[in-house]
Amino acid sequence: MPSTRDSGERMPVTGAPPPGSCLLEVEGLGVQFQTPSGIVRAVDGVGFCVYSGRTLAIVGESGSGKTVTVLSLLGLIPRPSGRIVGGRALFREADLLTLRSEEIRSIRGREIAMIFQDPLTALNPVQKVGSQIIEMIRAHERVSRRAARARAIELLRLVGIPSPEQRVYGYPHEFSGGMRQRVMIAMALSLQPSILIADEPSTALDVTVQAQILELLARLQDEFGMGMILITHDLGVVARVAHEILVMYAGRMVERGSPDELFFAPRHPYTWGLLGSVPRLDRRSGERLVSIPGMPPSLLHVPPGCPFHPRCGFRFEGCDRERPDLEWRGEHEDACFLTLEQKEAGERQVLGARGR
Amino acid sequence: MATVETSAGVAAPEVRSLRGETWRRLRRNRMAIAGIAIIALVALAAIFADLIATQPTEGFFADQARESPSARHWFGTDQLGLDLFSRVVHGTRISLMVGFSVVASILLVGIVVGGAAGYFGGIADTLLSRLIDVFLGFPFLVGTIILVTALGGGKMAVIVAIAFFSWPGIARLFRGSVISIRGSEYVEAARALGAGHLRMFFRHVLPNSVTPTLVYAFALIPTTIIAEAALSFLGFGIQNPAEPSWGLMIARYRPLIQTEPHLVIFPGMALTMTAMGFILLGDGLRDALDPRLR
Amino acid sequence: MTSESLVDVRDLVKYFAVTRGIIVRRNVGWIKAVDGVSFTIKEGETLGLVGETGCGKSTTARLLMRLLDPTSGTIRFAGQDVGARRGSQLRPLRRQVQIIFQDPFASLDPRMTVGEIIGEAMRIHRLAAGDAVHGRVQEIMERVGLNPDRHDRYPHEFSGGQRQRVGVARALAVQPRFIICDEPVSALDVSIQAQVLNLLKDLQKEFGLTYLFIAHDLSVVRQVCDRVAVMYLGKIVEVAARDDLYALPMHPYTQALLSAVPIPDPEKERSRKRIVLQGDVPSPLNPPPACRFHTRCWKAQQICREVEPPLEAHSPAGPDHPAACHFAEAAQVV
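Protein chains in written order, with this note's numbering: chain X, 2 to 357; chain V, 4 to 297; chain Z, 429 to 762.
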């Protein structure tokens, strides 16, 4: 168990590398799917670092490639239709993308665990939750059933399930949605992974339960110093828990930075659109919300140049030919050709004078 | 997970009708194509039986009794000197007629009963479902034998008897589909628009729930053909020697199996091939219509 | 516009029987989905109805829409009692009241073209016939931002946002006065959500529509509603004008709900006070007695377990902002 701990403060607003050690380094990841209608470029040139004790939020709409990105890291891309076409993902000196399936299996669950949006489909409905956790532990470690059961009870207690001694014998349908997600988290933590991937962990839950789950994840991260990848479409959740944010669109990275950078000085027109289109609890955005015209492109036909250009109000000549890469452009990393002045003006124009 | 994302990315520009998609998938299934070929062959034989099989199927021709297969009599002749090929070809008519009549009538009854039970629910459902259970609890062979005997035998009696004990499966399946579609939001939306029961059932519920029932009914055609043959073989179904039912032929020629095995083999093969053709196409249809099985 | 209310709901109750047994059905309990709900909606206004899973908001929508029969209580629409109407008596109501569903994939008949879906209501109510239907359908499609040339396409050929526009078009086809929006944007991506919310707002202005907007997302509700009612386990616990509710929520449940919603602003998130409720929402099969929130409430006293707090009473925030709590007190949580 890595002992790196920090108090959960957000990253400094500068571009300096965040503290903690880089557990997982992904570079130039590309994933494609062969479908009857053609090749789907689901992920194209994605890279990031996961640091211990920190949360990287990958934000995007459906079809942005955020889920495919993490599935490819765990060797969970459906084959043979899915194919990794480039990049590397270094974890403990091994490249996850080239490991054989039994090697990746020993890492999955043990070193890198994952929780999903819908815990009901991820749990076996005819097996007691305790047995599922015990099986998970015993698949990776040589421990007695009794010891594994004791640990399962401890884990259920850790994730806040009341009277775990009894609940360990319960079936998934006897748990409420929030409790089921807690069971999933307990399972994910059972082997003390160094990285936890959470794919929309609270999307299917009610807000009051969502708040509990987010709080739990933050507490566990604090306690164990896990690195976390949080996949979500909810910018509010991102603002609450992320240390670093990666915005994806049509399988590409469009902007990356700290929460303060992305929320208070966003530099990509797509990010402006996203921020403007989210209704806010703390104020009304006037009579109408900012909305991005059109819809995300089909990944069968990703527009040439900048994939966002057909929907972008700030496109100029060249946006439809040359593809902007995510790189340092003065303040933080974004993938837009506009000058810094144009971006500042554009942000003001789209988002107006938003109070801070 | 991954499929969700990719399909979301793919869905928009694809333009294909449901029917076209089904046909495309069916065409790619080699077994289904084989099934279609067999059925086409059998159907052609039935339609053009009088042109293909020109030799008499009844009468007594002592001069050519019990001949082995030859250029003149492809399948040989029986103890009455009747050309077996002609009899087998004419037998397709009986098999297909029984198969289609039974399935058509049980579809009608099954859809009415199952539809009423599923659509109206409540007390109607309770009563009709219990009725279905009673029928399903009856042993099929015993039931059909008793009924066909009571009706005095013959083609019509066979059709009625098999249909009488086959509709409950259809009704039960269709009831289930109706219940799931009836609860869907688009049916609720139609109700909210002020649609009456007739419109809701025929415009929304029926078209969306009938497919699995049709596929199932299709799969009952070979079962029915075999059931007719079995009844006739056992001496309860078609007993008029002039009617060349395959089951009846097999029964009649059974004593000769040691000396003239072809007399049993050819009608048996015709029966098996026909049934298999329908089974293959039925499987293909089910796969093509159910995208989850891909 | 008069101050006369278009929709007036009084003491609406809907219990669902829980039965066991196949042949002889025994009643083993009641799910109290909606248990004494009252509210009014003025012409041209948008009332938000918010709450978590199982609070009864969708059942309320279906009762108002008269897709369900109320167990008791009255529903008055434009002065007429429609709660007791049955069968064909409901037809005139169906022209005036429409509903937009949450799931744009489940709420459109997959075997009908969108033109047929939108035109169906006109045919049912004989608002247009023959070619006139066609023209009207294309007009409506244009109005909701769909390409009218695509009227002969099937729902599966449209994206989620476009399908939801088809749902809006279908509701508009009968030119209703009142539209119930049941979680109309919660299945959509954020950028598409904004498009649909803006569309609903524009249509309201253009046609003078009245909305009941049902949602679990309090941020969305703030954006589109004029007044907001908060439901918990079949009861309304607080009603207020939009800005009052968000600025000074009175009921502890409203406060917890608001404080649980993340705000897309990292600075605010860092400084916000957060109330994290314990446990899940209890089952509506056996809701807690008296105040239903007492099992999760940090303010609960003996009285909360014994006496049900009425919604109308002595609210400290005045008669326009009632809260059903013995210890109602404003707190800033947003």
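Since the hints were derived computationally from the structure, they do not count as laboratory data.
Worth double-checking, as some hints may not be accurate.
[As the list claims (entries may be wrong)] Examples of chain Z residues lying across from chain X (beta carbon under 7 Å, computed):
1) 481
2) 585
3) 617
4) 648
5) 651
6) 708
7) 711
[As the list claims (entries may be wrong)] The following label-pair restraints were derived from C-beta to C-beta distances:
8) 520(Z) / 127(V): 52 to 58 Å
9) 151(X) / 654(Z): 54 to 60 Å
10) 115(V) / 512(Z): 31 to 37 Å
In this text, a Cβ means the ideal position worked out from N, Cα and C, and glycines have one as well.
Against the structure, the hints:
Because the closest C-beta pair between residue 481(Z) and chain X is about 5 Å apart, less than 7 Å, the hint holds. Taking 7 Å as the C-beta cut-off, the interface hint given for residue 585(Z) is violated, the closest approach to chain X being about 12 Å. With its C-beta approaching chain X no nearer than about 4 Å, residue 617(Z) sits inside the 7 Å limit, and its interface hint holds. Nearest Cβ of chain X to the Cβ of residue 648(Z): about 5 Å, under the 7 Å cut. The hint holds.
Given hint, residue 651(Z) at the interface with chain X, holds; its Cβ is 4 Å from that chain's nearest Cβ, closer than 7 Å. Look at residue 708(Z): its Cβ gets to within about 5 Å of chain X, closer than 7 Å, so that hint holds up. Here the hint on residue 711(Z) is broken, as its CB sits about 9 Å from the closest CB of chain X, past 7 Å. Between residue 520(Z) and residue 127(V) the Cβ separation comes to about 28 Å, which falls outside the hinted range of 52 to 58 Å.
In this structure the hint that residue 151(X) and residue 654(Z) lie 54 to 60 Å apart at CB holds, the actual value being about 56 Å. At about 33 Å, the beta-carbon gap between residue 115(V) and residue 512(Z) stays in the expected band of 31 to 37 Å.
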